[in-house]
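Student: As a plain string of letters, each chain reads:
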Amino acid sequence: MKRAYLALESWFNISFGTHWNPMYHLGSLTFLLFWIILVTGLYLFGFFHGSIDGAYDSVEYITHDQWYAAGVMRSLHRYASDAAIITILMHLFKELASGRYHGARWFSWVSGLPTLWLVVTLGITGYWLVWDELAQYVAIGSARLLDTLPIFSGSMASNFLQGQMTDRFFILIEFLHLLGQPLILFFLLWLHVKRLSNVNINPPRGLAIGCFLALLALSFIKPAVSHAPANLSSMPTVLELDWFYLNAYPLMDYWSEGKTWMLATAITVILMLLPMLPTKKGAPAAVVDLAHCNGCELCFDDCPFEAISVQARTDGRKFEKEVVVDPALCASCGICMGSCPSSNPFGQSNEELKTGIDMPSLPVDKVRTLTEQAVAAMTGSANVLLIGCEHGFNVKQLDNNETGSVKLICSGMIPPSLVEYALKKGADGVMIVGCRHNDCFYRFGNLWLDKRFSGERKPILRSRADRRRIKVFGGAETDKKLIEKELEVFRHELLAITEQTDRPEQAEIKESPDV
Amino acid sequence: MFNSQNKFIRYALQAINYAVFIALIGYFSTSPSYRQLAEDEAIITISISHAGELKELCQRRSQEELMALPPNMRAPMECSRERSPVIIEVLLDGQPMYSHKAEAPGLYKDSGIDIYHTLKVSAGSHHLAIKMDDSVLKEGFTHHFSQDVEIAPAEILLIGFESGRGFVIR
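If you read the sequences in order, they're chains A and B. Position one of the first sequence corresponds to residue 1 (the numbering used here), numbered consecutively onward. Position one of the second sequence corresponds to residue 1001 (the numbering used here), numbered consecutively onward.
Since the hints were made in silico from the structure, they are not lab data. Predicted, not measured: the structure shown is a model, and the values here were computed from it. A hint or two may mislead.
Restraint-style ranges between C-beta atoms, simulated for each label pair [what the hints assert, rightly or not]:
1. ALA1012(B) to ASP326(A): 45 to 53 Å
2. GLU1053(B) to PHE45(A): 47 to 55 Å
3. GLU1103(B) to PHE45(A): 40 to 48 Å
4. GLN162(A) to LYS1101(B): 22 to 30 Å
5. LYS1101(B) to ALA328(A): 52 to 60 Å
One side only, chain A facing chain B, incomplete, derived with CB under 10 Å [claimed, not checked]:
6. PHE12
7. SER15
8. GLY17
9. ILE140
10. SER153
11. LEU161
12. LYS222
13. MET235
14. PRO236
15. VAL238
Using N, Cα and C, we set each Cβ at its ideal position, and we do this for glycine too.
With the rest of the complex left out, here is chain A (with noise of 0.2 Å):
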């Protein structure tokens, strides 16, 4: 599933580049197009008539007499509540099969999934409001899976009889679908996204403004039209179905309400169970010495998933504040540790390397250790030092005589300073091999480290590195072949350098786009 999921991941960053590759932004675009349904939404609610008699004539002139505003109005709030699925399940298979949904993430996907219920029941009621054969249809056919649940006395689904229906139960159904289930949908995207930090909800603009004018037009050459007004007397017998929203209810005629309710149950609890399934022990999470602490909240804001908070200082140094981590929300990517000022392997060179935050599993001093053990190791004339990432190209398969590795637990966890360290300590070249760009596993190392290391956020690479024998690169688990060709031209490129006089401080980091 990892592989599909990679293969779909490059063919967006072909078409897309990794800025706008949409795998990068499904849940920021699942949020625009529930701006546009509901901008749409209330538009047409202005023409909109919420009686049995009234619905179906207004929504006609909606659709035919004013077609050129909120006919298209209409197809857009269709359309976009369609592309809404895609999107939410794009992004649920891409967690999925990249394995983000355990650990501190547990939260953000058990929330998830009642979203997608909520999302889905919305458009049901949405097809109910046209009150066509349709409407109809998923009136009776939504009673009839009510009925089975052991919650309502009385048979919901006798309501749609000839001479049954009345106003009452249809204006239950626009509360529900206007302000109910919207209201609802908005506190469980709060919930969704609750325990993460510096959640972007806003797409790149040139990907909005893509994905609202293929939906536009998709409004033009296809207009969402209504099928015949709902009749009670008889039987609709050939219906358009929007599959996106309505394939439980062909399932249900041939099937059974019951085994249609236990599939989709079945399907949700083994979905919310996933996180619990035993996993790889996690590694634990950071700790602060507070004796190496100046409670400057670098780590604060760099982690990911709101695992550290700040308080007041409380072993009487001169600081005003400290950090706290929260081991229930750490997913222990070390970025923390990245980011604090005081992983600086150039301090303490003679005794055990400390910092104000660190990974119990892969501490600070370990990781200049193995660095300067990488670097003795090589022995050819452009030794290129390879800093990679646990979710990342396993770096250790390019290890030989010319090129050695470390492997991180992310690429957010690599302090500036250290790079400077191995090239001091004799590397020829730096290239840090992360996940690919904008998709990094503990969601934002490679993109804090790119902002080090153009001194936008700190801790900042300091400008007199020599740039051009820095190179960062993100890939995949299945992109070999590109992370060795990219490392062959970066060590021609240092030979190129060596054989010239050496000017720092004149070109800049390779940034080498990505996969």
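Assemble chain B onto chain A, guided by the hints.
Tutor: Frame of chain A; chain B shown alone:
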């Protein structure tokens, strides 16, 4: 590498992706169409809300029994709350199409039952027979209905039950 390729190619590839995206949405938002009923089929819907008869007859309390009760509870009749289950059978052209026994719901089994069921049948002329037993105190079925019906394709023929009128066909 991929970020630096020709912009024209990039936009062309994006256009292809967007075209696939809207083609997927455009198709699956209405297709494939779903046939719920064959052209010559119709529906019989049975929708009945009815309370079965009391399971036991009320008993008149003797004077001694009344005197043994607190003054505010001396009702002359003692009635059980439990109701009989309702059994219904539907036959079309002499063939059993639906048979169901509905136990009275509620903690004391004292509530009315609700039956909602649909049957797909071939359109045309049929002989419809319905039987219902709503009392354990009487032998056999307590309500009967029999009638020739004509059902048009896709029509919903509704079988209801009204106390006092018996079965109602709409």
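Student: Now tell me if each hint is right for this structure.
Tutor: Hint-by-hint comparison with the structure:
The beta-carbon spacing between ALA1012(B) and ASP326(A), approximately 48 Å, falls within the hinted interval of 45 to 53 Å. Against the hinted window of 47 to 55 Å, the Cβ-Cβ separation of GLU1053(B) and PHE45(A) comes to about 50 Å, which satisfies the hint. Between GLU1103(B) and PHE45(A) the CB atoms are about 45 Å apart, so this pair conforms to the stated range of 40 to 48 Å. The beta-carbon spacing between GLN162(A) and LYS1101(B), approximately 27 Å, falls within the hinted interval of 22 to 30 Å.
Between LYS1101(B) and ALA328(A) the C-beta distance comes to about 53 Å, which sits within the given range of 52 to 60 Å. The restraint placing PHE12(A) at the interface with chain B holds, with a minimum CB-CB distance near 7 Å, inside the 10 Å limit. Given the 10 Å rule on beta carbons, the hint for SER15(A) holds: about 4 Å separates it from the nearest Cβ of chain B. Hint status for GLY17(A): holds, given a least beta-carbon distance of 5 Å to chain B, under 10 Å.
Interface hint at ILE140(A): satisfied, since its Cβ lies 9 Å from the closest Cβ of chain B, which is below the 10 Å cut-off. A hinted interface residue such as SER153(A) counts as satisfied when its beta carbon comes closer than 10 Å to some beta carbon of chain B; here the least separation is about 7 Å, so the hint holds. Against a cut-off of 10 Å between C-beta atoms, the interface hint on LEU161(A) holds, since the closest Cβ of chain B lies about 6 Å away. Taking 10 Å as the C-beta cut-off, the interface hint given for LYS222(A) holds, the closest approach to chain B being about 5 Å.
Contact between MET235(A) and chain B, as hinted, is supported at the beta carbon level, the nearest pair being about 5 Å apart and thus within 10 Å. Here the hint on PRO236(A) is kept, as its CB sits about 6 Å from the closest CB of chain B, short of 10 Å. Hint status for VAL238(A) relative to chain B: holds, with the closest Cβ pair at about 5 Å, below 10 Å.
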